[in-house]
Structure formats: C-alpha cells, structure tokens
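**Q** Spelled out from the first residue to the last, the chains are:
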Amino acid sequence: MPAFWAAARAQLGEFRRDPGTLLMLVTAPFFAVILLSVTEHGGRPDLAPYALLAPAVMTSIGMAVMEAGETIFRDRSTGVLEALLTTPAPLAAVLSGRIAAITAVSLLGIAECWLVGALGFGIVVAVEHPLVFAATLLATAAGTAATGVVMAAVFVIGRNVRSFQNSLTFPLYLLGGAMVPVALLPAGFEAASRLFFLSWATDLLRDSLAPGPVAAFGPRLAAVLGLAAATFAAGFWIAHRLVRRVRRTGTVGFA
Amino acid sequence: MNAIAVLRQTMWSGWTDLRIVYTPTTWAFGWMVRVLCQVVFYSMLGTLLGDPERTRYLLVGAAVFIAVNETMMASASTTWERMSGTLSLLAAAPAGMVTVLAARSWFWVATGTLSSSIALLALAPVFGLGLGPGESAAAAALVFATALANYPVGLCCGSLSLRFHRLRNVFSNLTLLTMTAVGGVMVPVAFWPGWIQWFAAAFPAVHGLEAVRLAIGGGAADAVFARLGLAFATAAAWLALAAASLWWFQRDARRTGSIDFGD
Amino acid sequence: MAPGPGRGDAEAMSITGFDAPAVDVRGRSRDFATARGGPPRRALDDFGLTVAAGEVHGLLGPNGAGKTTLCKILSTVLLPTAGTARVHGLDVVADAKRVRPLLGIVFGGERGLYARMTAAQNLRFWAALYGHRRREGRRRAAELLERVGLGPRADEPVETFSRGMKQRLHLARGLVGDPRVLVLDEPTVGMDPVSAHEFRGLVEDLRAEGRAVLLTTHDMAEAEALCDRVSFIDGGRLLRCEDPRVLGELLSRHERVRASGVPEALAERIAALPGVERVRSTGPGAVLVETGRGGAALPVLRTLVEAGVSDVSTAPPTLEEVYLHLIGERGMAVRP
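Residue numbers (this note's numbering), protein chains in the order written: chain A, 1 to 255; chain B, 1 to 263; chain C, 1 to 336.
Note that these hints are calculated values from the structure, not bench results. Honestly, I wouldn't trust all of these hints.
Said to hold, decoys possible - DMTMM-like mimics (lysine to aspartate or glutamate), calculated; alpha carbons at most 25 Å apart, straight line: (1) K97(C) - D260(B); (2) K97(C) - D252(B); (3) K97(C) - E136(C).
Throw the hints in and build the complete structure from the sequences for me.
**A** The structure is reproduced here in structure tokens:
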C-alpha cells in the first residue's frame with residue numbers, strides 16, 4: 001500500500017511539472033463544443049447528455065492510453081523501471097498507483113464538459129438517477145484504470161507497440177460507444193465491442209441521465225465490473241511476465 | 001544563397017524524418033485504422049441523428065480534416081531539429097534556419113493528402129455518398145490544396161513549439177480543435193455568431209473544405225476556384241506570419257542563449 | 001555565383017584588413033538571467049583572446065568555465081552582453097552574415113547529425129546551407145568523406161556509425177563551408193584513444209592549411225599535444241595564456257604517485273624527500289604522494305620499490321589540481 005500511494009503522488013507531481021501531460025483535459029471542452037454543436041444544430045436537445053458525456057469518457061480513456069503508457073515508457077528509458085524492480089514493492093502496486101492517479105485526474109473532464117454545456121450553450125444536464133450514475137462512474141473508473149494497466153504493460157513489453165499508441169484512441173472511442181451507442185454499429189463490430197467494458201458503461205451512464213427507468217441495472221453493472229476485473233487480470237499478468245523476463249535477462253531493454 | 005539547393009536538401013532530410021514516424025506497417029495498421037475510425041466516429045453522429053444528409057456532411061468534413069490534422073503535426077516536427085541536435089548548427093550556417101525549419105515538415109502535406117483522400121473515397125459508399133471518377137479526382141486535388149494551404153498554420157504553431165518545447169502538442173491540438181469546432185467541419189459556419197464566423201474565415205482550411213464540398217456537391221467551377229483563392233490568400237498571410245515568427249525565434253534565441261550546442 | 005563562401009568573402013575581408021587576426025575577442029562578457037529574478041550569472045567576464053591564422057589555440061578549463069559560451073558567441077549563436085569579438089576583422093554581432101561563411105563549428109558527442117540520412121546526404125545538406133550548388137556540394141561531400149576516412153561508408157546511414165565515425169563526420173561537416181576558422185568544442189569527448197589520435201592528425205593538417213583552430217578541451221594532454229598556445233579559463237575569466245610547454249612542465253612538476261602496502265615509517269621517509277609536497281593517506285596503508293618539482297617523482301618511486309612496495313603507479317595531476325596551482329601562483333580566487 002505505501003508503494004501505491006507513493007506512485008500516485010509521483011504521478012501527480014509529474015502532472016504538475018509537465019503540464020503538457022494534461023493535454024487531454026485541455027482538449028475535452030473543445031470536444032464538448034464540437035459534439036454539442038452537432039446535436040443542437042440537428043435540433044435534438046434530447047441528445048445533449050450524449051454530447052456532454054462523450055468527451056468526458058473520451059478524456060478518461062484517452063488519458064489511460066496516452067499517459068499510462070507514456071509514464072511507464074519514460075520510467076524504462078530513464079532506467080527508473082529497473083531500479084523499481086529491485087525494490088520489494090510489487091510492480092502491480094506501483095502501476096496501479098500511477099494509473100489510479102491518472103484516472104482520478106481525468107475525471108475532472110466531467111466537470112469541464114458539464115460547464116461547457118451550462119456556460120456555453122445554456123444547457124444544464126440533470127442526473128436523473130444519481131445512484132446509478134455514481135455506481136457506474138466508479139465501475140467505469142476501475143475499467144479505465146484497468147485499460148491503463150494493460151496499455152502500460154503492453155507498451156513496455158513490445159518494441160514497436162508504442163507507434164500504435166496514438167492510433168488507439170478513436171478505435172476505442174468507437175468500440176466503447178463513447179458518443180454513439182454500439183447498438184448502432186454494424187453487427188460484427190457490436191459483438192466485438194461487448195467484450196470491452198466501456199460499451200456497457202457508456203450505455204448505463206447515458207441511461208442514468210435519462211428520465212426513464214434504468215433496465216437491468218444489476219446485470220449491466222456486473223458486466224462492467226466483470227470486464228474491468230478481467231482487464232485488470234490481463235494487465236497484471238502481462239506485467240508479471242515482464243518482471244519474470246527482467247529477472248531472467250537482467251534488463252528491461254527492448255525486446 | 002542558393003535557395004533551391006537548400007530547399008531540395010531540406011526536403012530530403014524531411015523525407016528521412018517520415019521514416020522515423022511510420023513504417024509501412026504502422027502507417028497501414030496504426031495510423032490508417034485510427035483515421036478510418038475517426039471519420040466513422042463523426043459520421044455516425046449523423047446516424048445517431050437519423051439524418052442521411054447530415055451524415056454525408058459530417059463524413060466530408062471529418063475526412064477532409066484528416067489532411068488538416070496531419071499538416072498540424074508540422075508543429076511538433078519543426079522541433080525535431082532540436083532532437084537531432086542540429087538547431088545550433090543551423091543557427092550558425094550562412095543560410096540561416098528559417099528556410100530549413102519552414103520546409104522540413106513538407107511530408108505531412110503528402111501523407112495528409114493520402115490518408116484524407118483514402119478515408120473520403122473508401123467511406124463515401126459506406127455512408128451513401130456517391131462520388132463519380134471526376135468528383136473523386138477533384139476531391140483528392142482539393143484535399144491536397146487544403147493540406148498545402150493549412151501547412152503555414154502548422155508552421156506558426158511550430159514556431160511557438162520551438163520556444164515552448166513542452167507545449168508542442170498543445171498548440172497544434174488547440175488550433176486544430178478550434179478549426180474543427182467553428183470551421184464548418186461538423187456544422188455549417190453559419191451556426192455560430194457573426195464574430196466567430198469572421199474568426200473562422202481567417203483559417204485557410206475552412207475555405208479549402210468549403211471548396212471540396214462545392215466540388216463534390218456539383219457547385220460551379222468558378223465558385224470552387226473563388227474558395228480556393230481565399231484559401232491560398234489566407235495561407236499566404238499565415239506563411240508570412242510563420243516566417244516572421246521563425247525569424248523572430250532565431251533572433252531572440254541568439255539574445256537569450258536558448259540554443260545550446262547539441263540542441 | 002561565388003565559388004565558396006570562404007573565398008566569396010575575401011573581398012569583404014580586404015576592406016577590413018586580411019591581416020586582422022583570425023579571432024580577436026576583447027572585453028567580452030556574457031550574463032545569463034537566472035531563474036526567479038536573481039542576479040544574472042556571468043558566464044564570461046571581461047575576456048580577451050587573440051588567435052592568429054594558422055594557429056591552433058587551446059581553450060582549457062573545467063566544465064562550466066565559459067568555454068562553450070565563448071564558442072557560441074564566436075559562431076553567432078549567442079549575442080554577448082558587452083565587448084567585441086571579431087573574426088578576420090568582422091564583428092560577430094554587426095557582420096554576423098559575413099562571419100558565418102568563415103566559420104566551421106564542430107562539437108563533441110553524437111548530436112548534430114541527421115541519423116537517418118547517409119553520411120554523404122548529411123554533408124550535401126550542409127553544403128547547400130553553406131551556399132554550394134548541387135554539383136559542388138556533391139564534390140565537396142565526396143572529397144571530405146575521403147579525407148576523414150569515411151569514403152567507403154559514404155552511403156550508409158549515420159545511425160549505423162560508431163561514435164568515432166560520427167565524430168569524424170562531424171569534422172567533415174564543419175569543413176564543408178571551407179572555413180577559415182574552426183571552432184572545435186570538446187571534439188574528442190567520449191572518443192576512444194585510436195579515434196582521438198586520428199582526430200589530432202586531422203587538426204594538424206588544418207593548421208598546415210593555414211586555418212585558425214580554436215579548440216576547447218579539458219584534456220590537458222590533448223591541449224599540450226595539439227596547441228600552439230593554450231588559454232586557461234575558469235569562472236568565465238582568462239587566467240593565463242601560455243605556451244603549451246608550460247602545461248607540460250606543470251604536468252610533470254605536479255606528478256602524483258599512488259601506492260598501497262606502505263608502512264607508516266616509509267610514508268614518513270617519503271614525505272621528507274626533496275620535492276615532495278604532501279603525502280596523503282587514502283586508506284589503510286594506501287598513500288597518495290603529491291610532488292611539486294619536475295623529476296621529484298623518480299626518487300619517490302625508487303624509495304618505494306627498494307622498500308619492497310610493488311603496488312605503485314604514477315598519474316598526472318588532474319585539471320583541478322593544475323588550476324589550484326595556477327591560481328595559487330597568481331593569488332586569484334576562483335569564483336563559485
């Protein structure tokens with residue numbers, strides 16, 4: 001546990017030192033303006049919650065992909081990662097700490113987007129089912145952090161994987177149903193997207209903002225949590241393999 | 001100075017930079033996948049609204065702006081001269097650094113045109129936009145013109161990135177998103193208040209995109225060329241601004257000592 | 001089109017006087033603003049220096065002494081806060097455009113080359129920036145690559161080169177504009193001994209061609225071997241400008257002897273030998289003997305060996321120690 005908090009604090013310090021790492025939080029309001037202008041111009045004020053929720057979700061998952069991968073990559077290139085592996089703290093604790101901090105900071109995007117709606121367009125989105133919203137948000141944060149762990153682990157293991165980092169955001173937005181529910185995707189894509197926790201999470205978050213009753217809340221939340229847990233497990237398994245490889249080869253150098 | 005020789009050599013060095021950014025594999029399976037997903041993401045907004053006309057509008061806007069997106073990467077690549085440690089050597093060379101910095105990122109115009117045209121032509125049938133061979137060719141040519149016209153905007157961001165290196169991605173992203181929001185990409189410019197419309201008109205890409213929309217919408221040739229004229233006129237102003245800003249960076253760096261040997 | 005910028009500016013130089021020294025620095029100082037509005041840090045302080053054409057002038061000093069600042073000012077990358085610097089009579093501030101073609105810059109390390117381009121492509125790029133046309137650029141690139149021994153590797157990307165090869169390419173790059181003055185800023189840093197030796201041979205050739213070379217280094221042996229004159233600088237000030245033989249003399253005068261397994265009584269005997277300045281204990285039975293006179297190390301060695309001590313080595317003094325002696329002799333304090 002001390003390792004977890006120390007890693008989280010280190011990550012927060014990194015945000016302070018290098019404001020460029022907070023790029024996603026800077027771009028979130030712009031995405032809110034872009035998406036909200038589309039629904040407003042289309043004469044569909046009922047879709048405003050979609051347009052304000054989407055950039056917040058995109059910010060969270062985007063930061064998990066970009067920042068989580070980046071921090072661990074930086075640790076490796078500066079040799080910090082090797083030093084880290086010599087300490088008694090499990091790598092999983094350090095990874096989780098860093099990524100928890102990233103995810104927590106990324107949730108600020110929700111407030112930003114809500115403010116864009118209220119101040120820029122005079123649209124105040126009410127949360128109709130606060131408990132559903134809060135529970136789903138927590139589960140979503142867990143899933144996002146899990147995605148971050150997988151990304152970080154994969155970026156460290158693979159030499160060329162990092163070139164794909166920048167390319168992952170929009171495919172994940174699409175498969176996660178960030179703006180458009182995955183039910184509107186072609187059948188094959190929809191099936192694939194159901195393996196990604198975010199597609200369940202965004203549907204549930206949108207439902208929690210709508211006045212109608214939320215159908216099958218329990219099973220759907222369970223789907224989010226179950227997939228998030230599976231993602232965590234995958235991330236830690238890869239991280240564990242990385243540690244074993246380092247112990248064997250004596251270096252965290254490129255594959 | 002023999003500007004032509006400098007340009008030719010700079011373009012070659014830029015080309016070798018491109019090979020650091022992409023291998024054929026990462027371009028095809030990384031970047032192009034993202035490009036297609038991005039354009040589908042925005043086009044699907046039309047599906048969500050249940051309006052095929054709007055879907056096509058969003059498709060064209062999102063696809064053409066891929067070219068704009070890539071040329072904005074000139075912002076980051078302008079600073080790569082620091083990465084190779086050649087900035088101080090350029091500062092000390094008789095030809096100076098302005099020409100080299102201005103021309104080194106040209107490859108984004110080429111790759112931007114390519115990925116943007118592929119996205120537009122490949123996704124048009126998917127979202128019910130019929131494009132004949134003539135319209136397709138005109139669209140690709142105008143996408144190139146748009147990328148070219150937007151390049152100086154990327155350079156202006158690049159000159160800022162040279163000064164504030166850690167914010168190099170921030171400048172280009174904010175400029176790109178501003179253009180995307182108000183430039184007639186997702187919703188017509190007329191949606192916004194008058195002062196924002198004037199502001200949007202300052203960006204060459206906004207006129208370039210309008211030219212593409214006119215050309216594939218069966219608009220008159222002179223209307224297309226008028227838009228193109230506006231795109232290049234605004235681009236010329238941005239180019240002057242970029243050159244002044246780069247020159248100013250070079251002069252200022254000498255005074256403050258912000259360029260080190262090895263930078 | 002003028003054949004090469006070096007010659008193209010000959011006319012300009014004749015106006016200001018071709019006989020002017022290659023490099024002439026007077027009362028040059030440079031302040032840097034420090035963070036949080038503190039008093040400015042002075043990297044160069046009232047600095048004066050002259051280098052004649054065909055002279056290899058060494059600029060010797062520890063890290064942070066102000067060597068690189070001077071090089072940056074001369075190569076027109078940095079403006080001075082006060083004073084003047086001239087290259088062949090041309091002011092580096094007022095006439096920067098005419099100074100640039102006269103200068104070649106080479107700095108140590110692996111940076112400053114385009115890694116993905118081949119050696120020949122790199123040189124052609126810089127040839128264009130120094131005003132050469134295409135054909136001339138190709139010719140110069142090929143010629144220089146031969147000269148630095150990279151001819152067979154001309155068409156290979158620089159990223160595949162060893163450090164020594166990159167450094168040779170750097171030198172070729174510095175020569176591409178046919179400069180009258182070469183500024184070499186710690187060019188042999190990190191070079192292996194063989195490469196460094198070859199590099200020195202190239203510098204000798206440059207002198208023979210009548211080019212002025214300003215070489216910064218903190219390697220005293222290199223300065224002694226290469227330079228016609230050596231300037232010692234520290235804290236941005238010129239301490240002394242000397243014949244390099246003075247340096248050689250300093251090096252041998254302050255030679256040090258290291259030994260282990262030395263009983264206390266033996267150490268005391270050594271301390272009493274003529275020319276021995278100090279005997280320091282560096283561990284149980286280990287001593288470091290500092291001498292202050294040429295040849296004083298020899299009796300120390302003899303005494304040690306005769307007493308049966310076999311783990312003995314000698315070493316030249318470090319730059320810092322030579323500086324301490326230099327400063328001590330002039331009573332000048334080094335500023336922090």
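**Q** Indicate, hint by hint, whether the structure satisfies it.
**A** Hints versus structure:
| no. | hint | verdict |
| --- | --- | --- |
| 1 | K97(C) - D260(B) | holds, 20 Å |
| 2 | K97(C) - D252(B) | holds, 16 Å |
| 3 | K97(C) - E136(C) | holds, 21 Å |
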